[in-house]
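Visitor: Based on the provided sequences and hints, a complete structural model is requested.
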Amino acid sequence: MKTGALFRRGMLHGIPIGLGYLSVSFGFGILAVKSGLSTLQATLISLLNLTSAGQTAGVGVIAAGGSLAEMALVQLTINIRYALMALSLSQKLSPRFSLPHRLAAAYGITDEIFGVCAARQEPIEPPYMYGMILIATAGWVSGTFLGAFAGSLLPPRMTAALGILLYGMFIAIIIPPAKKQKSILFAVLCAAALSIVCKYALPMLSEGFAVIICGIAASVAAALLFPRKEDAA
Amino acid sequence: MSTAIYIAVMAGVTYLIRALPFGFFQKKIKSQFLRSFLYYIPYTVLSAMTFPAILYSTGSTVTAAVGTGVALILAYFGLPLIAVALAASLAAFLTGLFL
Numbered sequence: 044m045k046t047g048a049l050f051r052r053g054m055l056h057g058i059p060i061g062l063g064y065l066s067v068s069f070g071f072g073i074l075a076v077k078s079g080l081s082t083l084q085a086t087l088i089s090l091l092n093l094t095s096a097g098q099t100a101g102v103g104v105i106a107a108g109g110s111l112a113e114m115a116l117v118q119l120t121i122n123i124r125y126a127l128m129a130l131s132l133s134q135k136l137s138p139r140f141s142l143p144h145r146l147a148a149a150y151g152i153t154d155e156i157f158g159v160c161a162a163r164q165e166p167i168e169p170p171y172m173y174g175m176i177l178i179a180t181a182g183w184v185s186g187t188f189l190g191a192f193a194g195s196l197l198p199p200r201m202t203a204a205l206g207i208l209l210y211g212m213f214i215a216i217i218i219p220p221a222k223k224q225k226s227i228l229f230a231v232l233c234a235a236a237l238s239i240v241c242k243y244a245l246p247m248l249s250e251g252f253a254v255i256i257c258g259i260a261a262s263v264a265a266a267l268l269f270p271r272k273e274d275a276a
Numbered sequence: 005m006s007t008a009i010y011i012a013v014m015a016g017v018t019y020l021i022r023a024l025p026f027g028f029f030q031k032k033i034k035s036q037f038l039r040s041f042l043y044y045i046p047y048t049v050l051s052a053m054t055f056p057a058i059l060y061s062t063g064s065t066v067t068a069a070v071g072t073g074v075a076l077i078l079a080y081f082g083l084p085l086i087a088v089a090l091a092a093s094l095a096a097f098l099t100g101l102f103l
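Protein chains in written order, with the working numbering: chain A, 44 to 276; chain F, 5 to 103.
Rather than coming from a laboratory, the hints here were simulated on the basis of the structure.
One thing to keep in mind: the hints can contain errors.
[Unchecked claim] Short derived list, chain F residues pointing at chain A, Cβ under 8 Å:
#1 Pro25
#2 Val66
#3 Val88
Remember, predicted model here, so these are calculated numbers, not experimental data.
The beta carbon of each residue, even a glycine, is placed where N, CA and C say it ideally should be.
Guide: Now the structure itself:
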């Protein structure tokens, strides 16, 4: 297939992702401004990071005046899954994916883009991935801008209610697999319980570090009790 | 500290996490423990980020609790991410009208 056709196909497959990102990032824009960032800063964060959980936690670190080491560790822990996805996707790339292409397309490895690309039968071509990343990023960045900018124009009741948007999405990500696999249910419950204990029993622990400690502890427990078979990536 | 430095660190770390394995690694991770650990990480991190923070996300524990309940139920029935997120928000908003 020609480069142009591949690019257009990637854009087409990216439309549902972009639309989804648009509404969720609206919530991120509101949250970022509430945490004291400017509209420009919020938009820039979305353009440079393209990830919901990491950005939400990052804004938390900025708002709390955490250290840069804390910021780096928080991002590493929350986004380490992208390294796994990148590893898995790197096995599916077409020979046209030279190192510069890999370094460019790496920017756009998100849960959703990975999901769509990983499900393809044929090898992934650079233009296809670029088209998808373009649409997804456009939705993510413009949604953030609108949320940050218009968030202050909406009635306070409404912006307050929109604050739950991202958390609602996180719940939608973790519940269906937890329902299917008791190992994931265990991991999720364990992490939530630890996090609640940290919040009320160890209030001096910053939110970022609490997420890292709870996430790692619960994952170690789950990995020891429910080791994964070789098959799943 | 300047916000720009935070943003630079955040973006740099996030990019490297994606680019180093995508650009340079080709081999599979062999250790079963490590593979299992990495497999569970997204779920545990999202769970720890959500609970109990979600209860403080709307400025009212009551509206947040209703939104959380709605999200849990709809997610249980496997509705799309966006539907769950928007319904949680709508539920919190509507509850707020009665307070």
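Visitor: Next step is simple, just say for each hint if it's right about the structure.
Guide: Taking the hints in turn, this is what the structure says about them:
no., hint, in the structure
1, Pro25, "holds (4 Å)"
2, Val66, "violated (12 Å)"
3, Val88, "holds (4 Å)"
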